[in-house]
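All chains, please: the whole structure from these sequences, using the hints.
2 protein chains.
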Amino acid sequence: MTDERVLLAHGSGGKLMHDLIRNLITSPLANPILDRLDDSAVFDITGRLAFTTDSYVVKPIFFPGGDIGRLAVCGTVNDLATTGAVPLYLSLSFIIEEGLLFADLERIVSSIVAAANEAGVKIVTGDTKVVDRGSADRLFINTSGVGTIREGINISGRNARPGDSVIVSGTLGDHGIAVMSQREGLKFQSPILSDCAPLNNLVAEMIAVGDIRCLRDPTRGGLATTLNEIAGQSHVGIKITELSIPVSPAVTGACELLGLDPLYVANEGKMVAIISAASADKVLTRMRQNHYGCDAAVIGEVVTEHPGRVVMKTRLGANRIIDLLAGELLPRIC
Amino acid sequence: MTDERVLLAHGSGGKLMHDLIRNLITSPLANPILDRLDDSAVFDITGRLAFTTDSYVVKPIFFPGGDIGRLAVCGTVNDLATTGAVPLYLSLSFIIEEGLLFADLERIVSSIVAAANEAGVKIVTGDTKVVDRGSADRLFINTSGVGTIREGINISGRNARPGDSVIVSGTLGDHGIAVMSQREGLKFQSPILSDCAPLNNLVAEMIAVGDIRCLRDPTRGGLATTLNEIAGQSHVGIKITELSIPVSPAVTGACELLGLDPLYVANEGKMVAIISAASADKVLTRMRQNHYGCDAAVIGEVVTEHPGRVVMKTRLGANRIIDLLAGELLPRIC
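Those sequence lines, one after another, are chains A and B. Numbering follows my numbering, in which position 175 of the first sequence is assigned residue number 281; successive positions increment by one, without gaps. Numbering follows my numbering, in which position 91 of the second sequence is assigned residue number 197; successive positions increment by one, without gaps.
Just so you know, the hints here were simulated from the structure itself, not pulled from any lab data. Treat the hints with caution; some may be incorrect.
Any copy, or any two copies together, can satisfy a pair, since identical chains are not distinguished.
Straight-line Cα separation of at most 30 Å, DSS-like style, residue types lysine-lysine; simulated pairs [stated by the list, open to error]:
1. Lys-345 to Lys-121
2. Lys-121 to Lys-419
3. Lys-345 to Lys-388
4. Lys-165 to Lys-293
5. Lys-345 to Lys-419
Rendered as structure tokens:
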């Protein structure tokens, strides 16, 4: 079994495919909804539903601190959490390039199981396609997810108001730099690990104590892109202070070396929150008690000036416009 | 614009990506839920939910009778319909190979819009990734979908009972042969078109008049695979009669030429239904009044003998076991 590989015939709908799916995918993921093996999962649900999707094409599929499986669960769980939803059920769809080692697929599925357990979600439906060699890059994963939103919760990129505080849940840039360094074979003195993590429990704790207006996970395009999106959706300005933005010394060093700006580097285990000024302290205190929020910091505020724009007070005291990325920074980081 | 192409930078999360998504994807698909542009779609829903996912990797992306966009909508709508659900909302995730023509993407998105309108579903959330040349094959699409199931409806591959009738909604093999002939540059006297179509309205009409036990769309692996799955899930035998299985003369001819068995060729606009014998006539009559069911036929029955197995009475009167496909037939047909 150790050097067995996925063949094109595993995607044909026949016996090989049924065996592959049963042995490597549905058995480790088993739960009563998935086990019915109908074309759709069926379950009862009531209320406001959140529904999201993401395809993951990260290269390489294994990187320090995670792999494409953990990423695919956490990314979709976090997208649900950004609307204040309790993530419940995920779909899981593989596009496999012919030649993928069974052992690699097994390792990724067990990483999916672990991440789903940590987040408290179930994989209830799925799909597996195999494409010929050279038509994909080892493995792409799509996860979609549904969750329920409690009555009274209204979190959206449109809700930022002047006076609100801007919080990030921890250090920036870890995921992007971890993937990039693995891809390029770079070695740093202290190894940089991806921050890839499910943040739904952190978010639930934040909602329990504070008045949360917007949540977004700063993945592709990093903090800069996320804040620009919120400023645009809410028609407000956002002011941040460079000195208050948490970045680890290792990521700072790697970014200097590589000519990257950590504000634009992807994160996979961080949340950006816009919170009423009145509850910012309480939320921050609570966040710092959570493993995934221990480096949380207030980094700025929402303002009436320069609507749609993000401005940063730099280390040297100047004001710099933080724009959307114009070109390409790091492809295939998630 | 006509020879503009997608660049790697279009996937970076920056300005280029925002422009591409707005101009080519979210504008044509606009609806109030999608237009919020949060990381998750949010809507109210109550009751039993069906949830499904499929990734589409068909090659080529344009084929006679359809394209990957129409396929991605219809496939997921049909998977929802197989549980008796009313399909409501779809997610849409693109994995684009660098170099895809804007014009091709536009054409596919407008085909998605048309299919979604026909099915009465809305695209409410999405994702776009771009990978470097050679890391994908032009375009892969994932759609996931949710729909609601009316109380009292219980349709599952587990519900077939001895005595039930087996119905197919029309001719078999059209999709697989259409894609295959396009890919291989084969020309037949009468062109063979993919049957790719949303069947949710047909299914709703069937449910309205009859006692439907199982529904499944015979895609990859064809009718043979679908019937084997149902026989396995329901622990029953299935007997079919070759002479009663509708296959168009053109597909019959092409299959003979290519050495393919239409029972194993993929369909994308057909439904296999297991129906109580008492209501089979009524359901069949109703199906034949629907454009997508006009060639519907009873092709066999569920039996107590040979549980888990499908047996076909051939044209010559012999009994042949119809097994799962052992190897590979037609890769990347959906």
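Against the structure, the hints:
1. Lys-345 to Lys-121: between (59 Å within a copy, 20 Å between copies)
2. Lys-121 to Lys-419: between (62 Å within a copy, 22 Å between copies)
3. Lys-345 to Lys-388: within (21 Å within a copy, 67 Å between copies)
4. Lys-165 to Lys-293: within (17 Å within a copy, 40 Å between copies)
5. Lys-345 to Lys-419: within (8 Å within a copy, 75 Å between copies)
Violated hints: none; the structure is consistent with every hint.
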